[in-house]
Amino acid sequence: MTPLLQLSGVSKRYGGVHANSGIDLTVDAGSIHAILGENGAGKSTLMKLIYGVEVPDEGQILWKGQPAHLSSPSDARRLGIGMVFQHFSLFETLTVVQNMALIVPGSKADLSARIRELGEAFGLSVDPRAMVHSLSVGERQRVEILRCLLLNPSLLILDEPTSVLPPQSVALLFDTLRALKDKGIAILFISHKLEEIRDLCDTATILRQGKVTAQLDPREGSARDLATLMIGRPMPPAVHPTPHGLGDQRLELTGLDYANDDPFGVSLKDISLYVRGGEILGIAGISGNGQQELAALISGEITLPASRRDVVRLMGQPVGDLGAAKRRTRRFAFVPEDRLGRGAVPDMSLADNALLTSHSRGLVQKGFIRRQAERAFTADVIARFDVRTPGPQAEAGALSGGNLQKFIMGREMMLEPEVLLVAQPTWGVDIGAASDIRQRLVAMRNEGAAILVISEEIDELFEICDRLQVLHKGRLSPSLDVATTTVDEVGTWMIGAAT
Amino acid sequence: MTILAFILAGTLAAATPMLLAALGELIVERSGVLNLGIEGMMALGAAIGFVVTYQTQNPYLGFAAAALGGIALSMVFATLALALTANQVAAGLAIGVLGQGMSSLLGKPLESQTLNAPDKLGIPGLADLPVIGPLFDQDIVVYLTLALAVAIWAVLNHSKLGLIIRAVGENPSAARAVGFPVLRIRLAAIAFGGALAGMAGAYASTIYTPLWADGMIAGRGWIAVALVVFGTWQTGRIVFGALLFGALSLGGLIGQAAGVGLPSQFLASIPYIVTILMLAVISSNRRRMRLNTIASLGQPFSN
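If you're matching them up, the sequences are chains A and B in order. With the working numbering as the guide, the letters of the first sequence map in order to residues 1 to 499. With the working numbering as the guide, the letters of the second sequence map in order to residues 1 to 303.
Simulated from the structure, these hints should not be mistaken for laboratory data. Any given hint could turn out to be false.
Said to hold, decoys possible - Cβ-to-Cβ under 10 Å is the rule here; a few derived chain A residues that face chain B: (1) Y51; (2) S72; (3) S74; (4) D75; (5) M83; (6) L90; (7) E92; (8) T93; (9) L94; (10) N99; (11) R147; (12) D261; (13) F264.
Claimed, not checked - Below, computed lysine to any residue pairings styled on SDA-like, alpha-carbon distance capped at 25 Å: (14) B:K160 to A:R78; (15) B:K160 to A:R77; (16) B:K160 to A:R114.
By construction, the Cβ of each residue, glycine as well, lies at the ideal position given by its N, Cα and C atoms.
Turn these sequences into a full structure, and let the hints guide you.
Below, the structure written as structure tokens:
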């Protein structure tokens, strides 16, 4: 049988970087094929080549045995290739059916009917008249998949589809994908989550540094074997927190309400939590459920009126009306979720970025920067937190995601805060650096700091946290003890189904 | 003629130059491009329209030439903003200054010359009505501009073309990912905006005040840009803003004629101030602004 899609010797360079080199890949109809690799391994580039967003420098792409010239996504769609993007390619200010009408021919009434019909057949129900910005992330993903299905594809590419979904929705998505496979549709499933791939896929192609390092049946090896193939060395062992004496309440929110006047934002309702010294509290939940607002309210980027200053307390003192700089003077430190832009200034050197939050550590004298002290401090962060960079004068924007995250974490940890807030500590960070960051958080907790971690990665939270609370639509669940709760229980709170 | 009749008769014509230019800029901005060179494109269109109409005595040729001039200047802007991904604010300002300079140069030999304004076309039946009759006795360009406003509203809100323009403006990367030629769509939008700005200038110099005076556009291009932004990119609000400005500028003339004890410069500035205040109030609703703002406005995009 002729394979549906065959790539031979495909290469793509960006400047001097070989994003893909000599990739061979064969995808058969009616199969689910995993593309596995770390951030930066070349998965996204490979998908862009198959979907016609980029054109390969070398090599050949065969579609049903014929050479295919894919120079734009419309070429790919004409052949029957559909793609569901990780960061959705939907237009938020348009309705669902308008989004479809952009690329699918047909009248609105006709499209709405087909959306409902396909939605029922594959468990992808969504209201065609809804505005996209009012939909949850899971619903948006359904819209993306439906938009592909309306074009009757033979191959469906999904880029990290589960990274935005709660566990229960992942199960639903997998049911949908299996149903599509039974209809003869081939699926390319990109992921770095090993258990999922073992659960769903028939074949896995593993990429490392732009090259194929293995092609195998993922159900034959263990997740650890897959990880070793993916990162090229054995996985570092996980460190779990050891029980430890608890200090007093360092950070406390009581009945925090926040009405957001941004129509794309989330309002928070009756948020209560506390973090004691020597523990890590995790905030689980899918991004976009109020995480950004909560982080901004705790960090002081959003301040409350003086009448409600009691709602946020640091070391027992009311700080609700204090700005970010004043809260930092009270032994509070904060690592925001976006590294480039809020965590660091991309165009400035690491040394100047260090100065931004660490100026109180003797780096400034009478209003003048002490360059030597600044450089020494930065070099210290770089050495102690294993940041791979040419030196303190390197531009922050030139560092890889993992290295910059290690630098920002290091900068904040060097302040020896009593309370540390970390939002999405390992987003877009490779496995090695992520494990390093988690170990450092645990070590800091063991030394008695109070740490609040906001993360989408359930596994990560279960690994490092003592307690968990789940944020869903601006409301926070009660505190769950990690030792006694389960992923399923947390997942139930994530979709708002718990009572 | 009573004051009311004067205002009814003149508002639409006074509003037309701003409205034409603003409708063009609306399409440009909806596609995600900020063209601040409108004032210069109107000035160039005004000079070309006047010179061609003066030489040929054919107002249609004058309008066509002004539109082509506007397109030509907008293509210089497009080269900078799209092909070279220059900063759109800086590119627009530079092109605006260039247009004003070219306008002065072209118009210099005809300084203070006049043209015959074309006849007005009364709508049979309506133009003879008491009180509101003058409203329906306008020149052809006024009717066409109003028809264009309706057409642009319909295209933007109810057609696939409008969906594509909005999609490109909201999220160019996503638009490219689903296969739309973002730069070509933006290029077409810029050309359309340039043509309308050129014709808006020609209307001001050959019909509204058919007399050549250097600098005659007098900031109306800037008002057009303000109308689009403060009108929150909605066709209806832009029309409202243009009419408000038109009516107020006539009110200023009446005030001067009636000898109100205020300096004429102050009276002349009232329409600018009131229009901006009104529209600032409309656009001060944060929720409305957030829902309507074009996400990629002014950001360079390259494939």
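| message | Hint compliance check: list the failing hint numbers for this structure, sorted ascending. | response | none
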